[in-house]
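Line by line, the protein sequences give chains C and R.
For what it's worth, this note's numbering labels the leading residue of the first sequence as 1, then goes sequentially.
For what it's worth, this note's numbering labels the leading residue of the second sequence as 1, then goes sequentially.
Hints are not guaranteed to be accurate.
[Said to hold, decoys possible] Selected chain R positions facing chain C (Cβ under 10 Å, derived; list incomplete):
id, residue
1, K11
2, C54
3, I82
4, A105
5, I107
6, Y108
7, V151
8, A152
9, A158
10, F161
11, D163
12, R242
Quick caveat, the hints were computed from the structure, so don't treat them as lab data.
Where a beta carbon is used, it is the ideal one built from N, C-alpha and C, also for glycine.
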Amino acid sequence: MNRFFGFVKKEFQHIFRDVRTLMILFGLPIVMIILFGFVVTTEIRDVEVGVLDRSMDQASIRATQKIFSSGYFVPAGYLQNEEEIGELFRSGKAKVVVVFEEGFEKNLQRENRAAIKLITDASDANTAQLSLTYLQGVLMTYFQSVNQDIQLPWTVSVKSRMFYNEELKGVYMFVPGLMALILMLISALMTSVTITREKEFGTMELLLASPLKPREIILGKVTPYVLLSFVNAMTIVLLGFLVFDVPMMGSIWLLMLECMLYITLALSLGVLISTNAKTQQMAMFISMLGLMLPTILLSGFIFPIDNMPKVLQWFSSIMPARWFIVIVKNIMLKGTGFAFIWKETLILLGMTLFFILASVKRFKIRLN
Amino acid sequence: MNEVEHIIEVKDMVKNFGSFTANDRLSFHVEKGEIFGFLGANGAGKTTAIRILCGLSYPTSGEIQVAGHDVYREREKIKKKIGYMSQKFSLYEDLTVSENIRLYAGIYGMGRKQIASREEQLLDRLGISQIRNRLIREIPLGWKQKLAFSVAIFHQPAIVFLDEPTGGVDPVTRRQFWEMIHDATEEGITVFVTTHYMDEAEYCDRVSIMVDGRIDALDTPAALKQQFESENMNEVFLKLARR
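Just need the whole structure built from these sequences, with the hints factored in.
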């Protein structure tokens, strides 16, 4: 046992003596979570809106005021004619233009109907879509409130609630996604690099010729990363909670256990990569391209899986991150227990076993 | 039989990689306490053989015993009794001299007190006590090589395997290094060394010369020179290679 601890200690020394490793290990998760939390957001805020008001009557002015007092939009000035819209979009001074038709109030009163045209700069499709939805929402609420005193024969009122994320905050999405990404990155990338480094420097030969068993060598190399990845996982949860108010509805213990499982999975994937890569560069390349990109794109982290083509949907189901994200969301946001996530857990467990068996097999082939 | 005398016993060792035969029915033995030179050009199959003897890879066929243990079934036992130094002088660059010594000593299961006292002895003998806390990457190549060798025999193995131990160092350091190897045999350690420097063969008690996966000659340097009517080992080697 002493043999093993001496070996683990050495691995910690490698980590704590290398500034680059330390930066990736501790700097990266914090920087990423802050960046994603603040910068990448699916909410809209301060979208510039131009107004082309052909009537300038009370109703249209009120509506305009409502738009700008909603907090989502800022005025980009009044336009005089339709030609200016294109110019405004091209100069980038506004993303949306609201057009009130001529005689807006008059039409409202006489015919009970009046038209508002919403034109968006859809070169940025996401913002355009979101701005439209928000604008329609603001205008609908306003006109409903105006109509309150009028007795209509009947009305249907739709009230919507967003369960588990009442304010539709983007961070709620990103914290589970980032956990999946960062743990995968650190565990798989770092282990594959550290193991191939021993191969490159020839120290692996010495270790293999020593009384240490191959499984002790591998275990000794990954143990520090298990601990550090776990610290990272908890840091992310804590940062999400303290800085972004991401709730922790379910059991923290269950979350920790699931994190351990996912970390083990990522580590065994890292070991598998290292048995196939000859150099550190190679290991880094495989980890980055083979793990990072698919994890970001196909795990449901950013793009919804249901909207993907069928083939990519199948592909996404072999992404460990996909299942882990479901688990984390369930525990953190919905507060569900193990009964609702056993299937995903089982999938992760199966994948872990598969990777461990595959690396053991590869390792044996290499020895012969 | 005679395991006491023959610390390595190899009979008809074959190693195939696919259709390529790296070691073709090698048979030889190494006597306890001798310096056995394992010579041959690059690609002659030296490293393949040394890897099998160290338990780093399995032979395709043949009967092989190292330190009285079978290489198929008793690898773990063999590994405890041998030391190994590769051609890269593989120490950890980001660990200090002392940390490297302690790491390897620990891996070979030595006790803490034993490690501490032997470490003092070793550093004194090499005259490098003052750099014990320096990182390996900061010390010169010649010292690294001596240290790598000292680490390989730190746990007092029965046999030490040296794979091209003198690559890239200057002649003076090489000379000093062979003195260290001699000192090791006085402590009862058998030395199995591969090299392609033919002048170094003169320092060995017996040498085997490999050509294309086979052992073409095996004897003391003096006997080989006589047999091939040569002035030095380099000539012996050239004559063998031209055959």
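A quick look at each hint next to the structure:
1. K11: 20 Å, violated
2. C54: Holds, about 5 Å.
3. I82: Holds - the Cβ of I82 (chain R) comes within 10 Å of chain C, reaching about 7 Å at its closest.
4. A105: 9 Å, holds
5. I107: 5 Å, holds
6. Y108: This hint holds: Y108 (chain R) lies near chain C, its Cβ roughly 6 Å from the closest one there, short of 10 Å.
7. V151: Holds, because the Cβ-Cβ distance from V151 (chain R) to chain C comes to roughly 9 Å (cut-off 10 Å).
8. A152: It holds, given that the least Cβ distance between A152 (chain R) and chain C is near 8 Å, below 10 Å.
9. A158: Interface hint status for A158 (chain R): violated (14 Å vs cutoff 10 Å).
10. F161: Since the shortest Cβ distance to chain C is 8 Å, the answer is holds.
11. D163: Hint holds; D163 (chain R) Cβ to chain C Cβ min 9 Å, cut 10 Å.
12. R242: 33 Å, violated
When held up to the earlier numbered hints, the structure conflicts with 1, 9, 12 and fits the remainder.
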